[in-house]
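Student: The primary structure of each chain is shown beneath.
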Amino acid sequence: QKEVEQNSGPLSVPEGAIASLNCTYSDRGSQSFFWYRQYSGKSPELIMSIYSNGDKEDGRFTAQLNKASQYVSLLIRDSQPSDSATYLCAVTLSGAGSYQLTFGKGTKLSVIP
Amino acid sequence: GAVVSQHPSWVICKSGTSVKIECRSLDFQATTMFWYRQFPKQSLMLMATSNEGSKATYEQGVEKDKFLINHASLTLSTLTVTSAHPEDSSFYICSARTSGRPIQYFGAGTRLSVL
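Protein chains in written order, with our numbering: chain A, 1032 to 1144; chain B, 1405 to 1519.
One chain only, chain B, in its complex shape:
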């Protein structure tokens, strides 16, 4: 149980294009989903918290117009990196939790390379 599917697992794109990453909870209802970014040899940094049906809450320093998050259902959240630039290249990881439980289950991550 508690499986979170994330795709694509890796993506290469040209500078200026947009990239969408999907995160799905396969066997539970994800009342809250989280999006993290991890640069090489660093820990996970929370980008935003997303509750189903509500606007995402972004962490300080994360541009909400650049990183668009949608959590339209209890099983799906998407992160769109708009007008990606090389400095956006990173490992993006989603996680999900269900109501009443603090445990977060992580997707496999998406490695983004912007050329």
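Just chain A, same shape as in the assembly:
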């Protein structure tokens, strides 16, 4: 069974700090990696996509991918209370022609004012 693993949290950080969210995946052939944010009772919202090893920055968010270690992370700088949500890591499986996503169970982030 191909899996995506995340710590469920909750991860609590003070306002202004850096939040670090981690994800590992089992399918070595995975090609595309995503971070979605989901507020309670709402649907997921795309935060970042990353396809190659290294870092990708977008505003306060940085995604990091290490395919050799099968590891992807999301850093949130200058965390704000509005960042409090569940963050879902999602991966496309190798050979999935329709680009099906496999989701982790999510990490709940709480940013404390």
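It is possible that part of the hints are untrue.
[What the hints assert, rightly or not] What follows is a list of derived Cβ distance ranges for each label pair:
#1 A:E1036 with B:Q1433: 28 to 38 Å
#2 B:S1422 with A:S1057: 32 to 42 Å
#3 A:P1041 with B:E1463: 22 to 32 Å
#4 B:D1469 with A:G1047: 51 to 61 Å
#5 A:Y1102 with B:S1477: 33 to 43 Å
#6 A:P1112 with B:D1469: 42 to 52 Å
#7 A:I1049 with B:E1467: 37 to 47 Å
#8 A:K1073 with B:K1418: 19 to 29 Å
#9 A:N1053 with B:I1507: 19 to 29 Å
Simulated from the structure, these hints should not be mistaken for lab results. Glycine residues also receive a C-beta, built at the ideal position from the N, C-alpha and C atoms.
Given the coordinates of chain A, work out where chain B should sit on it, guided by the hints.
Tutor: For chain B alone, kept in the frame of chain A given last:
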């Protein structure tokens, strides 16, 4: 860009009735649409994958006769929950992607409560 509209946002129905949920891509052609179900405090579970003009592919354990999916155009897919029962109460979410791009954009979701 990349807006997916889903409605209704919530629906309450009696046991045994059928409910239809619509998912529309507003500003792109959705070659593939996905339907997910999410129970409280759990992650998204893929129910089925739908390519325009083709029959949907259902995940293991999902009853295709109970969850009817139609993807008749490049901008519209529907999910019909037939003969709904209380155990079908859940948050149903659609997503869509366009040809050549792996990113899925999600609708706002439909919260179904079956009494």
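Student: Evaluate each hint against the coordinates.
Tutor: Each hint, compared with the structure:
no. : hint                             : verdict
1   : A:E1036 with B:Q1433: 28 to 38 Å : holds (34 Å)
2   : B:S1422 with A:S1057: 32 to 42 Å : holds (38 Å)
3   : A:P1041 with B:E1463: 22 to 32 Å : holds (29 Å)
4   : B:D1469 with A:G1047: 51 to 61 Å : holds (53 Å)
5   : A:Y1102 with B:S1477: 33 to 43 Å : holds (40 Å)
6   : A:P1112 with B:D1469: 42 to 52 Å : holds (46 Å)
7   : A:I1049 with B:E1467: 37 to 47 Å : holds (45 Å)
8   : A:K1073 with B:K1418: 19 to 29 Å : holds (27 Å)
9   : A:N1053 with B:I1507: 19 to 29 Å : holds (22 Å)
The structure agrees with every numbered hint stated previously.
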